[in-house]
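Colleague: Just so you know, the protein sequences line up as chains A and B, in that order.
Counting from 1, one number per residue, gives the positions in the first sequence under the numbering used here.
Counting from 1, one number per residue, gives the positions in the second sequence under the numbering used here.
If you're looking for bench data, these hints aren't it; they were derived computationally from the structure.
Among the hints, erroneous ones may be present.
To be verified - In silico BS3-like cross-links for lysine-lysine, where the CA-CA straight-line distance does not exceed 25 Å: (1) B:Lys97 / A:Lys71; (2) B:Lys97 / A:Lys3; (3) B:Lys67 / A:Lys57; (4) B:Lys97 / A:Lys70; (5) B:Lys56 / A:Lys53; (6) A:Lys57 / A:Lys70; (7) A:Lys71 / A:Lys3; (8) A:Lys55 / B:Lys67.
Said to hold, decoys possible - Chain B stretches covered by chain A per the calculated footprint, using a threshold of three residues with CB under 8 Å from any CB of chain A: (9) 11-25; (10) 84-97.
Said to hold, decoys possible - Taking beta-carbon pairs under 8 Å as the criterion, some of the chain A residues facing chain B (in silico): (11) Ser7; (12) Gly42; (13) Thr102; (14) Phe105; (15) Pro107.
Beta carbons: idealized from backbone N, C-alpha and C, even for Gly.
Spelled out from the first residue to the last, the chains are:
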Amino acid sequence: DVKVTQSSRYLVKRTGEKVFLECVQDMDHENMFWYRQDPGLGLRLIYFSYDVKMKEKGDIPEGYSVSREKKERFSLILESASTNQTSMYLCASSLSGRATDTQYFGPGTRLTVL
Amino acid sequence: QKEVEQNSGPLSVPEGAIASLNCTYSDRVSQSFFWYRQYSGKSPELIMSIYSNGDKEDGRFTAQLNKASQYVSLLIRDSQPSDSATYLCAVNPGTYKYIFGTGTRLKVLA
Chain A
1 DVKVTQSSRY LVKRTGEKVF LECVQDMDHE NMFWYRQDPG LGLRLIYFSY
51 DVKMKEKGDI PEGYSVSREK KERFSLILES ASTNQTSMYL CASSLSGRAT
101 DTQYFGPGTR LTVL
Chain B
1 QKEVEQNSGP LSVPEGAIAS LNCTYSDRVS QSFFWYRQYS GKSPELIMSI
51 YSNGDKEDGR FTAQLNKASQ YVSLLIRDSQ PSDSATYLCA VNPGTYKYIF
101 GTGTRLKVLA
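Okay, chain A solo, but in the shape it has when bound (with noise of 0.2 Å):
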């Protein structure tokens, strides 16, 4: 079974604050992605990585950032909290670049901006 995990469930932030979200996946899978969803705008992806250390920006990247030193582990990086990004942050891995390939998603972190 592939297993995604995210660092925290729930989190509440300042404004202001730099944020880490943590994803985890066991898979060796070469893909990540780091995907934002609010009702009525659906999955907007941030930024996803295909390889170690190489990352490409998705639809909405501004005020994020990456991370991916190791083949398991993508991080999201939010250099400075806002209230506008309060949301559902999604991290997924597939397998490879192939179109077939199953995107499986963690459980998600519900971060609130304060």
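Position chain B relative to chain A; hints supplied.
Modeller: Here is chain B on its own, set in the frame of chain A:
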């Protein structure tokens, strides 16, 4: 035009009925299609994937794909209250990216 479109619902069906969820996509080169179920406050979990035109059945679930019409659907037979959730359609156009619809909320009435 959104790349993947779904009716937001809610779609209400009585227990035991067939629920029909629909999804249209705009990119003709899309190669693979996925249906995810998402319970409130939880993350999406895969129900089915489909890559070829036609029907694919898995238990009470049937996915239907028509590439000519750019249409994919999910049928849930013998709907149960536990099927009440938001169903997300996702499309992969042959890249690393997956494009998600905003989901259809299904309510199965006991």
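Colleague: Hint by hint, note whether the structure agrees.
Modeller: Taking the hints in turn, this is what the structure says about them:
no.: 1; hint: B:Lys97 / A:Lys71; result: holds, 18 Å
no.: 2; hint: B:Lys97 / A:Lys3; result: holds, 20 Å
no.: 3; hint: B:Lys67 / A:Lys57; result: violated, 29 Å
no.: 4; hint: B:Lys97 / A:Lys70; result: holds, 21 Å
no.: 5; hint: B:Lys56 / A:Lys53; result: violated, 38 Å
no.: 6; hint: A:Lys57 / A:Lys70; result: holds, 19 Å
no.: 7; hint: A:Lys71 / A:Lys3; result: holds, 14 Å
no.: 8; hint: A:Lys55 / B:Lys67; result: violated, 31 Å
no.: 9; hint: 11-25; result: violated (count 0)
no.: 10; hint: 84-97; result: holds (count 8)
no.: 11; hint: Ser7; result: violated, 14 Å
no.: 12; hint: Gly42; result: holds, 4 Å
no.: 13; hint: Thr102; result: holds, 6 Å
no.: 14; hint: Phe105; result: holds, 4 Å
no.: 15; hint: Pro107; result: holds, 5 Å
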